[in-house]
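The task is simple: from the sequences and hints, build the whole structure.
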Amino acid sequence: MNNVRRIFVEKKPDYAIEARALLEDLQDNLGIKGLKSLRIIRRYDVEGISDEVYDKARSTIFSEPPVDFVYDEEIEVSEEDEMFAVEYLPGQYDQRADSAAQCLQIIGIGDKPEVRTANVFILKGSISKEDIKKIKAYYINPVEMREATLGKFRSLVSEIEAPEDVMILEGFIDKTNQELECLVDELGLAMSFDDFKFCQDYFKDTEKRNPTITEIKVIDTYWSDHCRHTTFNTIIDEVVIEEGKYKEVIEKAFELYKEGRSFVYKEKEKEICLMDMAQMAMREMRKKGQLDDLEISDEINACSIEVEAEVDGRTEKWLVMFKNETHNHPTEIEPFGGAATCLGGAIRDPLSGRSYVYGAMRITGSGDPRTPVADTLPGKLPQRKITTTAAAGYSSYGNQIGLAAGQIAEVYHEGFVAKRMELGAVVGAAPKSNVVRKAPIDGDIVILLGGRTGRD
Numbered sequence: 001m002n003n004v005r006r007i008f009v010e011k012k013p014d015y016a017i018e019a020r021a022l023l024e025d026l027q028d029n030l031g032i033k034g035l036k037s038l039r040i041i042r043r044y045d046v047e048g049i050s051d052e053v054y055d056k057a058r059s060t061i062f063s064e065p066p067v068d069f070v071y072d073e074e075i076e077v078s079e080e081d082e083m084f085a086v087e088y089l090p091g092q093y094d095q096r097a098d099s100a101a102q103c104l105q106i107i108g109i110g111d112k113p114e115v116r117t118a119n120v121f122i123l124k125g126s127i128s129k130e131d132i133k134k135i136k137a138y139y140i141n142p143v144e145m146r147e148a149t150l151g152k153f154r155s156l157v158s159e160i161e162a163p164e165d166v167m168i169l170e171g172f173i174d175k176t177n178q179e180l181e182c183l184v185d186e187l188g189l190a191m192s193f194d195d196f197k198f199c200q201d202y203f204k205d206t207e208k209r210n211p212t213i214t215e216i217k218v219i220d221t222y223w224s225d226h227c228r229h230t231t232f233n234t235i236i237d238e239v240v241i242e243e244g245k246y247k248e249v250i251e252k253a254f255e256l257y258k259e260g261r262s263f264v265y266k267e268k269e270k271e272i273c274l275m276d277m278a279q280m281a282m283r284e285m286r287k288k289g290q291l292d293d294l295e296i297s298d299e300i301n302a303c304s305i306e307v308e309a310e311v312d313g314r315t316e317k318w319l320v321m322f323k324n325e326t327h328n329h330p331t332e333i334e335p336f337g338g339a340a341t342c343l344g345g346a347i348r349d350p351l352s353g354r355s356y357v358y359g360a361m362r363i364t365g366s367g368d369p370r371t372p373v374a375d376t377l378p379g380k381l382p383q384r385k386i387t388t389t390a391a392a393g394y395s396s397y398g399n400q401i402g403l404a405a406g407q408i409a410e411v412y413h414e415g416f417v418a419k420r421m422e423l424g425a426v427v428g429a430a431p432k433s434n435v436v437r438k439a440p441i442d443g444d445i446v447i448l449l450g451g452r453t454g455r456d
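Residue 447 in the numbering used here sits at position 447 of the sequence shown; the count goes up by one each step and never skips.
For the record, the hints were derived by calculation from the structure and aren't laboratory data. Treat the numbers as computed from the prediction; the structure is a model and nothing was measured. Ideal Cβ placement from N, Cα and C applies to all residues, glycine included. Treat each hint with caution, since some may be false.
What follows is a set of in silico ranges between Cβ atoms, one per label pair, in the way DEER data are often shown [to be verified]: (1) Asp298 / Lys12: 43 to 51 Å; (2) Val70 / Lys317: 54 to 62 Å; (3) Glu308 / Asp375: 54 to 62 Å; (4) Ile401 / Val70: 24 to 32 Å; (5) Lys258 / Lys204: 37 to 45 Å; (6) Val157 / Arg437: 44 to 52 Å; (7) Glu414 / Asp55: 37 to 45 Å; (8) Glu306 / Asn233: 28 to 36 Å; (9) Glu238 / Glu308: 42 to 50 Å; (10) Arg437 / Lys270: 24 to 32 Å; (11) Asp111 / Pro65: 26 to 34 Å; (12) Ser158 / Asp298: 40 to 48 Å.
Derived pair list, reagent style DSS-like, types lysine-lysine, alpha-carbon separation capped at 25 Å [as the list claims (entries may be wrong)]: (13) Lys204 / Lys217; (14) Lys197 / Lys175; (15) Lys12 / Lys124; (16) Lys152 / Lys136; (17) Lys385 / Lys33; (18) Lys438 / Lys317; (19) Lys33 / Lys12; (20) Lys288 / Lys270; (21) Lys266 / Lys245; (22) Lys33 / Lys124; (23) Lys129 / Lys33.
Here it is in structure tokens:
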């Protein structure tokens, strides 16, 4: 019962669309002209199922006989062929493995078995070791995956080691500015020196102790541009509108913004930033009483307005909710997961506001996906890789939840080479009578509900 079984599943030639697409990609974009053919084989390692369950699953869960070849335990590979395997990093969510394990559990009516998957690549042609290195570097995104061993596993059960005591940054509150700057680089932090200095002052004056590495890492995460919107909240000291076709229009818009600030803030001092510009029209309308259909609530997961809807011939009060989510940096470094959870994050908020999400849209900004891989900026993924993989990620999430995207727009511009734009937006609705708004109080039970989606 505890032996590890291995099964390989490969699409028959007429259905090997993924393999043909990758072959063309490697030939055209990487310039690996000597590569003549490529096979992609799904590898499953399974532990904790009986012979009976395995026999049932072989041609139902793992494969579809009309379109797949299936190999048990081993596959034959010519000595002239190159072969390597790729798997997700430990802890990274593997949807294929999780789905297979759930299906096996249903068949076996018992404990959920252990399943691990990998993609095995078999390359044929006149290709050098340098070509193989380029192919691996192109396909394997180290943020989410790694090259897998080709050998058989003795067991799939992970042995979790007891974590070491959390490290305390000894001497942190007494470090000089120069030492702090070195520590920022040493720890690989995203925060600025000013932020780090602020942390030092806080722990020195308020906590009167040195912080742990965990505390600094958590602050670094929550003060990132993605979480804190650092860019949009950056104080703008001076605005200069350059000469150009739209100068007059921009100047007029900026004047309207300043007029709105005067009305909303009166004599109150308030810094100018992009976030304030984005919100000013709504702030002004609300103060003028022009947003009487806006639902006011302590819950601000999504913008919610009250409307009258005709349902089965009668008029009902409904809440219509809007939400958008940006996942620029996550999609930049992990295109599939970043774009998928961009839409997922937008869905989450109306959903937690007790509405059902009906429609979505996607707006992205990308560099030219035809840019040669050799021209990729250091430390970044190729534009084509980001663009195509992100599209697959967004589609995957939307298709699984049954959400139609009525608007898809991808803007190609050199300004998006340094940082991609990934935006998902949704609209949801629910009868107002179904929605209960209450403030949390002491003694409430908090339930964390959901699935694991990553190493966090």
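Output the indices of the hints that this structure fails to meet, ascending. 1, 7, 21
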